[in-house]
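Chemist: Spelled out, the chains give:
There are 2 protein chains.
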Amino acid sequence: MKEVLPQFNSTFSIDCVVFGFDEGELKVLLIERNEEPFKDWCALPGNLVRVDESLDQSALRILKELTGLGDIFMEQFYTFGNVDRHPQGRVISIAYYALLRLGGDKALKPITSYAKKAFWKNISDLPKLAFDHQMIFEKGLEKIKRRIKHQPIAFELLPEKFTLTQLQNVYELIMGKKLDKRNFRKKMLSFGVLKELDEKQKGVSFRAATLYKFDRRKYAKLFGKEISF
Amino acid sequence: MKEVLPQFNSTFSIDCVVFGFDEGELKVLLIERNEEPFKDWCALPGNLVRVDESLDQSALRILKELTGLGDIFMEQFYTFGNVDRHPQGRVISIAYYALLRLGGDKALKPITSYAKKAFWKNISDLPKLAFDHQMIFEKGLEKIKRRIKHQPIAFELLPEKFTLTQLQNVYELIMGKKLDKRNFRKKMLSFGVLKELDEKQKGVSFRAATLYKFDRRKYAKLFGKEISF
DNA sequence: TCAAAAGTGTTCGTAATACACCCATGT
DNA sequence: ACATGGGTGTATTACGAACACTTTTGA
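Chains A and B, in that order, give the protein sequences. Each residue of the first sequence is one higher than the last, beginning at 1 in full-length UniProt numbering. Each residue of the second sequence is one higher than the last, beginning at 1 in full-length UniProt numbering.
There's no promise every hint is true.
Claimed, not checked - Okay, derived cross-link-like pairs now, DSS-like style, lysine-lysine, Cα gap no bigger than 30 Å in a straight line: (1) K195/B <-> K213/B; (2) K149/B <-> K177/A; (3) K143/B <-> K187/B; (4) K221/B <-> K178/A.
Unchecked claim - Derived list of chain B stretches under chain A, where covered just means 3 residues or more per stretch with a C-beta under 8 Å from a C-beta of chain A: (5) 44 to 52; (6) 81 to 89; (7) 196 to 203.
Said to hold, decoys possible - Selected chain A positions facing chain B (Cβ under 10 Å, derived; list incomplete): (8) F80; (9) Q88; (10) G89; (11) L108; (12) K109.
By construction, these hints were calculated from the structure, which means they are not laboratory data. What you are looking at is a predicted structure, and each value in this text was computed from that prediction instead of being measured. For every residue, glycine included, the Cβ atom is placed at its ideal position computed from N, Cα and C.
Given only the sequences and the hints, what does the whole structure look like? Please build it.
Modeler: Here it is in structure tokens:
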């Protein structure tokens, strides 16, 4: 076992698996590292936890620094603590997943010392990642696969107004399989948590689809009941 | 924020929510602390992680020190990291739940410096707990409530040979509700992972029940299929 | 008029639920 | 003989799965 880094008062860090949905693809946010170890490698965004912030606060801060965005849906999913996961010392990492609406091509701001740049990468086309980040990514993807069946997390990836086909698309990408259109719509609408809008999709060269929004009030009323999407 | 304790190279600890089933009751393992802070309070068993052991190894070691038992089913479920959760400094805690066969009245060995004694307590009758251990316990219980529906963890609480009524009892205690006997048996047997033995319960003053054991081989073959107990 | 996606119902099989009585055993 | 838990079947309902064609729109 190597020496613990002397500058670490508390040797734990946060790593984030940030999912985004855009152009029909499920993407994950990566950075290119600007520091040793693993300088110039791709990695999940992450950083040390400050001594005066909780784990949740730390995760939010890290994402805010990278994306400028504040109200992001995040959840802690696992803590990775193998002895040799960090080549310079004993650093455990608490992993979070986050779900992000991409829509308006929001600019990423990797103006942090440890990252050269940040970018989105399709999840089926990942480069080699630093540390044990490959494993963290995989466990994060598994987690949202299970979560999406029981909680309305898909809406976090979509704009406020979305079509049923877009919604189905998100489900298919996360679950990794095709779904039947009629069954999907029937079931999704049967929960009564989608509000049909008097508004249609625009700018498409075919029949415009109806837009819906997720009704958080109605969903809150269902709470306790196990929904199974 | 208080000063970080100087003796901590790595300021993280493990806490364990250890469930046991005995005499028809679901119990949790507690210790009585012998150290500040919270001296003389009841707490979940836990300790600092050593610099040369992984989190899983640490959790196993802590339980081995208390119970003398080695092959215990454990799983990490959440990491608690509020800034003020430890009154003496910044200490985050990685929480594990464990499931234990109680049967033969195995002796507990609380021969560790930090605990005066260890004992089992019915989960519906818990004392005030040190730190944020009440919250950790509750989140652990929630976790096994969800787990038991999809994974065969109930068997970890039972002796190798058990009756269907005992099994149902475990499910009812963890899920917190009564189940229908006929439906429970039909469903449980339909998975084909229980092996009926040529053996009956002994020492009871009524009709002896058939004993079963959990067939890990057959269960392994089902893997990938979502079982829903 | 063609291409591309939107939108829509029915059937079938399986799984979940509700429900009550007789049986075997030890005292 | 009685008390205690063991053990069993059926009918009803709800849910998931499979499946194909017509409609709308813009280019």
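Chemist: Work down the list of hints and note, for each, if the structure agrees.
Modeler: Here is what the structure says about each hint:
1. In summary, the hint linking K195/B to K213/B is supported, as the alpha carbons are separated by about 5 Å, within the 30 Å threshold.
2. With a C-alpha separation of about 23 Å, the suggested pairing of K149/B with K177/A holds against the 30 Å cut-off.
3. For the given pair, K143/B sits about 23 Å from K187/B by alpha-carbon distance, which is consistent with the 30 Å threshold.
4. Between K221/B and K178/A, the direct Cα distance comes to roughly 25 Å. Compliance with the 30 Å bound is thereby established for this hinted pair.
5. Counting residues of the segment 44 to 52 of chain B whose C-beta lies closer than 8 Å to any C-beta of chain A gives 3; at least three are required, and the coverage claim holds.
6. Residues of the segment 81 to 89 of chain B with a Cβ under 8 Å from some Cβ of chain A number 3, which satisfies the need for three, so the listed coverage holds.
7. With 0 residues carrying a beta carbon less than 8 Å from a beta carbon of chain A, the segment 196 to 203 of chain B misses the three-residue requirement, and the given coverage is violated.
8. For F80/A, the interface hint holds, since its Cβ comes within 10 Å of a Cβ in chain B; the closest pair sits about 8 Å apart.
9. For Q88/A, the interface hint is violated, since its Cβ never comes within 10 Å of a Cβ in chain B; the closest pair sits about 13 Å apart.
10. At its closest, the beta carbon of G89/A sits 9 Å from a beta carbon of chain B; the interface hint therefore holds under the 10 Å criterion.
11. Hint status for L108/A: violated, given a least beta-carbon distance of 27 Å to chain B, over 10 Å.
12. The beta carbon of K109/A comes no nearer than 26 Å to any beta carbon in chain B, farther than 10 Å, and the hint placing it at the interface is violated.
Violated hints, listed in ascending order, are 7, 9, 11, 12; each of the other numbered hints is respected by the structure.
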